[in-house]
Each structure stands twice: as structure tokens, then as C-alpha cells.
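Visitor: Fit chain B to the given chain A structure using the hints.
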Amino acid sequence: NAGVTQTPKFQVLKTGQSMTLQCAQDMNHNSMYWYRQDPGMGLRLIYYSASEGTTDKGEVPNGYNVSRLNKREFSLRLESAAPSQTSVYFCASRSTGGNSPLHFGNGTRLTVT
Amino acid sequence: GNSVTQMEGPVTLSEEAFLTINCTYTATGYPSLFWYVQYPGEGLQLLLKATKADDKGSNKGFEATYRKETTSFHLEKGSVQVSDSAVYFCALSGNYGGATNKLIFGTGTLLAVQP
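Those sequence lines, one after another, are chains A and B.
Numbering-wise (this note's numbering), the first sequence opens with residue 1 and increments by one.
Numbering-wise (this note's numbering), the second sequence opens with residue 1 and increments by one.
No lab work stands behind these hints, which were simulated from the structure alone.
Here the structure is a predicted model, which is why all the values come from computation and not from measurement.
Do not rely on the hints blindly, as some may be mistaken.
[Claimed, not checked] Far from chain B by the CB rule (all over 12 Å, computed), these chain A residues: (1) Val12; (2) Asp26; (3) Gly63; (4) Ser67; (5) Glu73; (6) Gly107; (7) Thr113.
[Stated by the list, open to error] With beta-carbon atoms standing in for the labels, derived distance ranges: (8) B:Asn59 with A:Thr15: 42 to 50 Å; (9) A:Thr5 with B:Asn59: 18 to 26 Å; (10) B:Glu16 with A:Ser51: 44 to 52 Å.
[To be verified] Covered stretches of chain B (chain A as the covering partner; in silico rule of three or more C-beta atoms under 8 Å from a C-beta of chain A): (11) 44 to 54; (12) 66 to 76.
Glycine residues also receive a C-beta, built at the ideal position from the N, C-alpha and C atoms.
Only chain A is shown next, with the shape it has when bound in the complex (with noise of 0.2 Å):
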């Protein structure tokens, strides 16, 4: 059982250049969700979608765009990279609920030059 898999673990882009993070889910959740983790600050939210069609910014939406292409998938593209954009990026998923938990991926770790 796969869980979250996330696509690539390492990027290192140059100011400017686009790319786009993969996340697939395996668990037939309905609600997805993209992370950034930096030091000192915790998980920030960048977007979300609570089901297949839907999507909503999170907490630090600027600069990235999301595309909920089907169930599984959640993909997180970046338009045009900034150093501001280097951090460690996670994807999640979760049943619909309050008290069900987010499963995570293993994170892509993104540097921007």
C-alpha cells in the first residue's frame, strides 16, 4: 500500500523556471492538500481541495497554482520560481472529517537559485 507518493524528492530550479510536484493517493480520499515546511515556522498551507473539482488557497497561496486532475491526484506548479519558494514541500490527504488524521507523502525538497 503505497499511501502518498510524491514526484520529484530533489529539484533545483533557477529563478524564473517553472515546474510542477506531483502527488498521487492511493487511499480514496476526497481531500488533498499541499504543505510547505521551513525551519523555525511549522507546515503552512498552501492550497487545498476537498474533493475532485475543488480547489482553495491555504494560508500562502502567492506564486503557486494547483490542479486537482481526479481523485488520486494533486499536482502543485510553480509559474515562476522565486528564492523565497526554496523550502521542503509535502502533500497530504485525509478523509472527509474532523477527526480524521492527513496522511503525508515524504516531501519534495525544492532550492531555488
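Guide: Quick look at chain B alone, frame taken from chain A:
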């Protein structure tokens, strides 16, 4: 708004020592509370949870009790091992349905256990 405050790390302990990592929260209503653990190079994993006041979550020797009167959810373990070295995150979630019910995380506490 809702928020979570954790003690700052790093916390450095010797093997078999007692562990406490403090977590307090601010929330309206009756949130669910969680502890997640992150091992080096990995994503976060759920360690334990509690969904109502006075509930005790437990897993792998770790425990935390949901204290509404003190708005706290402190993580404890009686005897830590080197393998417990990780970053621990406290989180809360409003106790109503829907993905708009987002998890709010603390900043994390690094635990380093020395042999």
C-alpha cells in the same frame, strides 16, 4: 483564530529519561488534537490523537491527555529511546466535517536522544 503553541527545541535527553513536550492551543468550539512525528527525510506520521476533553491518546509508549480547562495536550513518554529522535508536531482540527476543516500545526519540537 485557532492556533497551536509548542515548546521550542531542541530537547536533548539521555536514553531512558522521561519526556514532556508542551503544547497549548487556542480554538473555538471543540477541536480534535493530534501529535505527529517526523523522522529524518520523511513526511509526518500520526502518532496519536484525542477528539474530546479528557480523552487520552496513546501509541508506542507516548501519551497525551486533552485538557480543556488548561487548553493543553502535552506529549509524554516514560522512557525514551534513541529511535525516538525526531521532530514532533502538535496540531488541531476543528471538530466539524469537511476539508475546509484544516489542520493547524505548531512549529515542531526537535527531540534528540543520546545513548
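Visitor: Is it the case that A:Thr113 keeps its Cβ farther than 12 Å from each residue Cβ in chain B?
Guide: holds, 22 Å
Visitor: Could you say whether the range 42 to 50 Å given as a hint is met by the Cβ separation of B:Asn59 and A:Thr15?
Guide: Given range 42 to 50 Å: holds, Cβ gap about 43 Å.
Visitor: Please verify that the nearest CB of chain B lies beyond 12 Å from A:Glu73's CB.
Guide: A:Glu73 clear of chain B: closest Cβ-Cβ about 16 Å, beyond 12 Å.
Visitor: How does the region 44 to 54 of chain B fare against chain A when you require at least three residues with a CB closer than 8 Å, holds or violated?
Guide: holds (count 5)
Visitor: Determine whether the non-interface label on A:Gly63 survives the test: each CB of chain B must be over 12 Å from its CB.
Guide: Holds: least Cβ distance 20 Å, greater than 12 Å.
Visitor: In terms of Cβ atoms, is chain B entirely out of 12 Å range of A:Asp26?
Guide: Answer for A:Asp26: holds, closest chain B Cβ roughly 15 Å.
Visitor: Is the hinted range of 18 to 26 Å satisfied by the C-beta distance from A:Thr5 to B:Asn59?
Guide: holds, 24 Å
Visitor: Cβ-Cβ distance between B:Glu16 and A:Ser51: within 44 to 52 Å?
Guide: Given a distance of about 47 Å, which is inside 44 to 52 Å, the answer is holds.
Visitor: Taking beta carbons only, do three or more residues of the region 66 to 76 of chain B come closer than 8 Å to chain A?
Guide: violated (count 0)
Visitor: Is it correct that the beta-carbon of A:Gly107 has no partner in chain B closer than or equal to 12 Å?
Guide: violated, 6 Å
Visitor: Is it correct that the beta-carbon of A:Ser67 has no partner in chain B closer than or equal to 12 Å?
Guide: Holds: least Cβ distance 16 Å, greater than 12 Å.
Visitor: According to the definition I'm using, a residue is off the interface if its beta carbon is farther than 12 Å from all beta carbons of the partner; does A:Val12 meet that for chain B?
Guide: Its Cβ never comes within 12 Å of chain B, the nearest being 17 Å, so this holds.
Going down the numbered hints, you'll see the structure goes against 6, 12, while the others check out.
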